[in-house]
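2 protein chains.
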Amino acid sequence: MNTPHHAEPAIALIGPQLGENIGAAARIMANFGLGDLRIAAPRDGWPNPKAQAMAAGADAILETAQVTDGFAAAIDTLDVVYAATARPRGLEKPVYGPREGVLRLWEAVRAGARVGVMFGSEKSGLPNDAVAVSDAILTYPVDVSFASLNLAQAVAVFCYEWRTSQGDAPPTVFAQAQSPPAAKADLFGLYGHLEDELERAGFFHPPEKKPMMVDNLRASLARASLTHQEVQTWRGVVRVLAEGRGPYKVRKDEA
Amino acid sequence: MNTPHHAEPAIALIGPQLGENIGAAARIMANFGLGDLRIAAPRDGWPNPKAQAMAAGADAILETAQVTDGFAAAIDTLDVVYAATARPRGLEKPVYGPREGVLRLWEAVRAGARVGVMFGSEKSGLPNDAVAVSDAILTYPVDVSFASLNLAQAVAVFCYEWRTSQGDAPPTVFAQAQSPPAAKADLFGLYGHLEDELERAGFFHPPEKKPMMVDNLRASLARASLTHQEVQTWRGVVRVLAEGRGPYKVRKDEA
Numbered sequence: 015m016n017t018p019h020h021a022e023p024a025i026a027l028i029g030p031q032l033g034e035n036i037g038a039a040a041r042i043m044a045n046f047g048l049g050d051l052r053i054a055a056p057r058d059g060w061p062n063p064k065a066q067a068m069a070a071g072a073d074a075i076l077e078t079a080q081v082t083d084g085f086a087a088a089i090d091t092l093d094v095v096y097a098a099t100a101r102p103r104g105l106e107k108p109v110y111g112p113r114e115g116v117l118r119l120w121e122a123v124r125a126g127a128r129v130g131v132m133f134g135s136e137k138s139g140l141p142n143d144a145v146a147v148s149d150a151i152l153t154y155p156v157d158v159s160f161a162s163l164n165l166a167q168a169v170a171v172f173c174y175e176w177r178t179s180q181g182d183a184p185p186t187v188f189a190q191a192q193s194p195p196a197a198k199a200d201l202f203g204l205y206g207h208l209e210d211e212l213e214r215a216g217f218f219h220p221p222e223k224k225p226m227m228v229d230n231l232r233a234s235l236a237r238a239s240l241t242h243q244e245v246q247t248w249r250g251v252v253r254v255l256a257e258g259r260g261p262y263k264v265r266k267d268e269a
Numbered sequence: 015m016n017t018p019h020h021a022e023p024a025i026a027l028i029g030p031q032l033g034e035n036i037g038a039a040a041r042i043m044a045n046f047g048l049g050d051l052r053i054a055a056p057r058d059g060w061p062n063p064k065a066q067a068m069a070a071g072a073d074a075i076l077e078t079a080q081v082t083d084g085f086a087a088a089i090d091t092l093d094v095v096y097a098a099t100a101r102p103r104g105l106e107k108p109v110y111g112p113r114e115g116v117l118r119l120w121e122a123v124r125a126g127a128r129v130g131v132m133f134g135s136e137k138s139g140l141p142n143d144a145v146a147v148s149d150a151i152l153t154y155p156v157d158v159s160f161a162s163l164n165l166a167q168a169v170a171v172f173c174y175e176w177r178t179s180q181g182d183a184p185p186t187v188f189a190q191a192q193s194p195p196a197a198k199a200d201l202f203g204l205y206g207h208l209e210d211e212l213e214r215a216g217f218f219h220p221p222e223k224k225p226m227m228v229d230n231l232r233a234s235l236a237r238a239s240l241t242h243q244e245v246q247t248w249r250g251v252v253r254v255l256a257e258g259r260g261p262y263k264v265r266k267d268e269a
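Chains as they are written, first to last, in this note's numbering: chain A, 15 to 269; chain B, 15 to 269.
Hints were generated in silico from the structure; no laboratory data involved. Careful: at least some of the hints might be erroneous.
Identical chains share a label here; the pair holds if one copy fits it or two copies do between them.
Pairs of lysine to aspartate or glutamate, EDC-like flavour, derived with a Cα cap of 20 Å [claimed, not checked]:
| id | residue 1 | residue 2 |
| --- | --- | --- |
| 1 | 107 | 211 |
| 2 | 223 | 211 |
| 3 | 137 | 34 |
| 4 | 137 | 73 |
Next up, chain A with everything else stripped away, as it sits in the complex (with noise of 0.2 Å):
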């Protein structure tokens, strides 16, 4: 712990075998906010086109991400370290799912530590000798009859829970795009043009349960919620059906 505040986790993949989960890793980190990856022993060396390809913009993570030979030199700079396996290893270590591990690791980085999570190949994981000496086993609440999670999806998981632990909030790009609800006042409105031109159309029928046929109707339109433009828009709605309606096209004319 040498400096006071690394808010953000490194990922290490340990002996990757594929460029396309590097590059897949990379970009979900980007996705979810997180830059820092930690390459050990890739198997088709570094770099690699294919992980390039498939990051899909996240070429910063790439050219930024620190390539070692083992995995002691990818975490040797970090104070605690989650081994991410889904097979016991017979070894006496802290197990937590994904939501208490990112909680641990969060305690840890307000404590100052620099934090991290290694992940295995895709043959086999990691090797019992990294799982060792990490600081606790991060494991996924999988299906154990089909436990093996793509790599770049364990990673996916990981760098997901990350950012949601700090809040499941849609990004604010979204919430321009919602408009309030209409007042109530157009809303009677919209009622009562409705059943105005059911009542002429003859729909409340019998005439007594008309209170009760109103009342649905207005259930249902208060639920969507309608915005004031929509509210105008189902006025329209209304007056064209109305005006195509023969008899009362015809009840119009007459008037």
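With chain A fixed as given, assemble chain B onto it according to the hints.
Same frame as chain A, now just chain B:
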């Protein structure tokens, strides 16, 4: 809502381009215990050998997947469908993060609804006409400057969140790997053994600091939560180190 309880959400891929992503989606569904895959208008036809290769054993999900021409047929047996998208569409629609979205889908399931999520194509995401008929937008707390997830990663995050909403606990296979901590009597034995050897080696210097040094040593050993077996191992470590040390050896020989 025709039947009382469909606990499992359907995953509907709308216009997916790459077989690899369809296969990776099937694999992660199987990892997290989901099985109802629907595929609308896969670009490269169906079946797709690349999907099978990436499914890595989740073949049953691909074999039973419902393949349709358009998005409507892929969701028409569902009651509540969310649209996964990273882009606001200017449509008035509830917007949920994955955690809130999953909670709301569970509410729908408990009310008897059949639920699902639509994911769009790699190139352009969901078409607006599919988003329009959805019950809500599902979006992720991504970095808005790099918001587009790989298709299979987007499916992974949802499947993970669905599973985790039922509990974060590691699979029970991990529970068997952990032994209880050693009895305090074992630990007192180790402490005493270590401290006796350190005393002989002249480690406690100056003598008035010994109590504090002992407490600090014991505190770090206590924090390791050693098991009974590990205490035996460390007793052996202390013994061998002490025997190997020259002066002690001499002293022992003298005794």
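Status of each hint after checking the structure:
{"no.": "1", "hint": "107 <-> 211", "result": "neither (72 Å within a copy, 28 Å between copies)"}
{"no.": "2", "hint": "223 <-> 211", "result": "within (17 Å within a copy, 95 Å between copies)"}
{"no.": "3", "hint": "137 <-> 34", "result": "both (14 Å within a copy, 18 Å between copies)"}
{"no.": "4", "hint": "137 <-> 73", "result": "between (25 Å within a copy, 19 Å between copies)"}
Against the hints set out earlier in the document, a violation occurs for number 1 only.
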